[in-house]
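Input sequences plus hints: build the corresponding full structure.
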Amino acid sequence: MSAQMLRVTEIEALSPLVKRFRFEHPGGKKLPLFSGGAHVVVEMPDGDLLRRNAYSLISDPQDGSGYEIAVRREDGGRGGSRFMHSNVGQGDTLRISTPLNLFSLDARARKHVLIAGGIGITPIIAQMRQLLRMQDRFEIHYAARLRSEAAGLRLLPRLPHIHSHISDEGDRMDLGAILDRQPIGTHVYTCGPEGLITAVAQCAARLGWPRGSLHSEVFLAPPPGRAFEVTLAKSGRTVTVGPHQSLLEALEEAQVEIDWSCRGGACGRCETDVVSCHGRIEHNDHWLSEDEHSSQTKIMPCVSRFRGRELIIDR
Amino acid sequence: MTIQFNDETFRDDYSYHNSPAAIRRFPFPFDKDDYMYAVNMEPHGSGRAGSPFENRFDVDEHYVAEMRDREITLKEDPLRCQSLPHMELAGWDLLELIMEAKSEDYPELFSLHRDGDRWHWINRPLGIDHKFTFLDPTTLPYGPMEYITRQAQGDFAVLDQRDGNLWMEAGMVTSQADWSLDFDIGMNFFEWHAPVPLAHEMGIFQRALKFLLAIQQDAPSRRLNWTMTVNPRLDTSPENYHKWGPEKRTLTPENTGEKQYLRVELQTFFRLPRSNGLAFPIRCYLISLQDLVTVPKWGRRLHRVIRDLPDELAEYKGFTVNRPLIVEYLSRFDDGKPTSPGIFPDE
Ligand code: HEM
Ligand code: FES
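These protein sequences, in sequence, are chains A and B. Quick note on numbering: the UniProt record's numbering labels position 156 of the first sequence as 156, and the sequence is numbered without any gaps. Quick note on numbering: the UniProt record's numbering labels position 111 of the second sequence as 111, and the sequence is numbered without any gaps.
The reader is advised that the hints may include incorrect statements.
Unchecked claim - Lysine-lysine pairs mimicking DSS-like chemistry, simulated, CA-CA at most 27 Å apart:
| # | chain 1 | residue 1 | chain 2 | residue 2 |
| --- | --- | --- | --- | --- |
| 1 | A | K30 | B | K317 |
| 2 | B | K210 | A | K298 |
| 3 | B | K131 | B | K75 |
| 4 | B | K248 | A | K234 |
| 5 | B | K32 | B | K337 |
| 6 | A | K19 | A | K29 |
| 7 | B | K317 | B | K32 |
| 8 | B | K131 | B | K243 |
| 9 | B | K32 | B | K297 |
| 10 | B | K75 | A | K29 |
| 11 | B | K248 | B | K317 |
| 12 | B | K243 | B | K75 |
To be verified - To give an idea of the chain A side of the interface with chain B (calculated C-beta under 8 Å), a few residues:
| # | residue |
| --- | --- |
| 13 | S2 |
| 14 | L33 |
| 15 | F34 |
| 16 | P61 |
| 17 | T98 |
| 18 | P99 |
| 19 | L100 |
| 20 | S104 |
| 21 | A107 |
| 22 | R108 |
| 23 | G212 |
| 24 | R269 |
If you are wondering where the hints come from, they were derived from the structure by calculation, not from laboratory data. Here a beta-carbon is modelled for each residue, glycine too, at the ideal position from N, C-alpha and C.
Below is the structure:
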């Protein structure tokens, strides 16, 4: 995956838990443009470990002068966000991948309805910037629990078609009302916790929306798993995956050749065949089919884990 | 580098020809003595110097004549160029990609000067000197995709990416191996590949699609495809089958070396930044068998490939009728000696 070293030029607290980071090329070179919804992978050298997390870009897609991301500190997470919050300072350089978009706007839409929950607002910010520039019709609904935690409020302009819903203040997002009055040809994009995405899908189904008009991105922050062991069929070696490590990271540490791109269970690049499995694969991806999940014949090492006696993979 | 552009035709009197240098740099597609479909993608953009893989978009001695041939085909059939309304942004992406690449890789032929959205494009071989406003279609004589692909060799499919698939929703297709943009427009990756034999069952398309969906900017890739064409004709479209189909029957043992061409497609894949679309240029290279066998390795190898090719592939590629003649001709250049690995001629 192509990437370059970029310098951290700004860090700003958007809320007690969320920081905005801006990256620029140290030599002032223009960065590749992108499309709203794209993410970059940030590499964080943390002791012996190289962490890699995917973050949605929140800056203007047509502005090549820098990239911006917003990182929520997840104390229960795998540590990438904690590293960004505590170890990264202005002036540091980090390796940042070229943007990739797995959550892009549907150019055919007559209108776009963007729904975000919590930190799921991040890809929607860049989509909004793109829509503003193209002068397309859209509306945004952003849901957060507490005003003090709602980092998105700092990033959203005050416009009549941009709505915030703070549940703690009694303003809960009413999906039925949002989806019921949209013109034909509207597309809906949801980013946030899995529960929100399911709720939007169910509500849209009830109202008879065509499935092709719904788009979503779950921000997979896989919970820190237990350690587990994996045997590699090609070399016979056994690799231990630490509790805060992904199988992909463990394979890379063991210098096993493996392709990857999104590191978030969506792109399919790291797909690996399972040779034998005595136990249960914890599939956390959005790539494999239900059949592939239940048959336990494939695993996506970037997000999925294993519990049981023995897992042999084709690597 | 100076390129001497050929004065030649791809129809009627078929005066198309390859210089000795063009023969040496021909993109011979076989890296071993047999052929079967495979997920044969590799990185593109900095291949061997002098080869068609050196630059993102290869410009060669056929450039001017090919652009003239495209103009004729388009005049007869404007539906060879189509772009659904939502693909305009992707068209601008493609225009920028080609202008940037050509002006960087061939500065004596092409220049691009940018002052914000005010662009100045000079294409010396075609005598074009044009100032326009980027993203403002009223400042160009055609839509952005049509404008730039009238100045770029090869066909272009521009794909929209959504719902985990690619959709053929824009293109400029005047030099195709018997498929139709007008028929395929709006189809997805599996739909437009439906006629291809064997590859679906081999899981090739499923894997290829996964790869394409994750292609990043700055990391284009390529693959080679091939077929056989009688006479150096670019427009072998289903629309004009009545013009070129009967020509297959004109092959004789005496004229095979001269009239039978190996047709190679250099297919490349580029992620487009603003639209998140995918550009799929399909550049067609033609070489007569008599020119091809001047490289002994290629003569030997092509004989073996065509002789042993699975019948389904020869049938799909449309040269079953002429296969015996081709094998008989090529067998004269195969002394049975081993061939070296890779596609390039031996030194
Ligand atoms: C998105 C880019 C692509 C486009 C637009 C495209 C388009 C096409 C079209 C229009 C055909 C002709 C089908 C017909 O008979 O009507 C074709 C054939 C074929 N394509 Fe693709 N293709 C793409 C990518 C790929 C990739 C990545 C592979 C990888 C293996 C592939 C493998 C093939 C094969 C094996 C054939 C049969 C060719 C022959 O035997 O001459 N294509 N493609
Ligand atoms: S790296 Fe994309 S699915 Fe694993």
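Here is how each hint holds up against the structure:
1. Only pairs whose Cα atoms come within 27 Å are accepted, and A/K30 paired with B/K317 is rejected, the gap being roughly 45 Å.
2. Of the supplied pair hints, the one linking B/K210 and A/K298 holds, its CA atoms being roughly 15 Å apart against a limit of 27 Å.
3. Distance restraint check for B/K131 and B/K75: the Cα-Cα separation of roughly 25 Å lies within the 27 Å cut-off, and the hinted pair is therefore satisfied.
4. Between the alpha carbons of B/K248 and A/K234 the distance comes to roughly 50 Å, so the proposed pair goes past 27 Å and is violated.
5. Taking the CA atoms of B/K32 and B/K337, the gap is near 13 Å; set against the 27 Å cutoff, the hint holds.
6. Distance check on the hinted pair: A/K19 and A/K29 sit about 25 Å apart at the alpha-carbon level, within 27 Å; holds.
7. Of the supplied pair hints, the one linking B/K317 and B/K32 holds, its CA atoms being roughly 20 Å apart against a limit of 27 Å.
8. Distance check on the hinted pair: B/K131 and B/K243 sit about 39 Å apart at the alpha-carbon level, beyond 27 Å; violated.
9. Of the pairs offered as hints, the one joining B/K32 and B/K297 holds, with about 10 Å between alpha carbons and a cut-off of 27 Å not exceeded.
10. Taken as a hint, the B/K75 and A/K29 pair is broken in the structure, with Cα atoms around 43 Å apart against an allowance of 27 Å.
11. A distance of roughly 12 Å separates the Cα atoms of B/K248 and B/K317; the hinted pair therefore holds under the 27 Å criterion.
12. Note on B/K243 and B/K75: the hinted pairing holds, with a Cα-Cα distance of about 16 Å set against a maximum of 27 Å.
13. With 8 Å as the threshold, the beta carbon of A/S2 comes within range of chain B, its nearest partner Cβ sitting at about 5 Å, so the hint holds.
14. Of the supplied interface hints, the one on A/L33 holds, with its beta-carbon coming within about 4 Å of a beta-carbon of chain B, less than 8 Å.
15. With its C-beta approaching chain B no nearer than about 6 Å, A/F34 sits inside the 8 Å limit, and its interface hint holds.
16. Hint status for A/P61 relative to chain B: holds, with the closest Cβ pair at about 7 Å, below 8 Å.
17. Annotation: interface hint on A/T98 holds; nearest CB of chain B at approximately 5 Å, less than 8 Å.
18. The interface hint given for A/P99 holds, since its Cβ lies 7 Å from the closest Cβ of chain B, which is under the 8 Å cut-off.
19. Checking A/L100 against chain B by beta carbon gives a least distance of about 5 Å; that is within 8 Å, so the hint holds.
20. Interface hint status for A/S104: upheld, as the beta-carbon distance to the closest one in chain B is roughly 4 Å, under 8 Å.
21. With a least beta-carbon distance of about 4 Å to chain B, the hint placing A/A107 at the interface is held under the 8 Å criterion.
22. Annotation: interface hint on A/R108 holds; nearest CB of chain B at approximately 5 Å, less than 8 Å.
23. The interface hint given for A/G212 holds, since its Cβ lies 6 Å from the closest Cβ of chain B, which is under the 8 Å cut-off.
24. Using the Cβ-Cβ criterion of 8 Å, the hint placing A/R269 at the interface with chain B is satisfied: the shortest such distance is roughly 5 Å.
Going through the hint list in order, the structure does not satisfy hints 1, 4, 8, 10.
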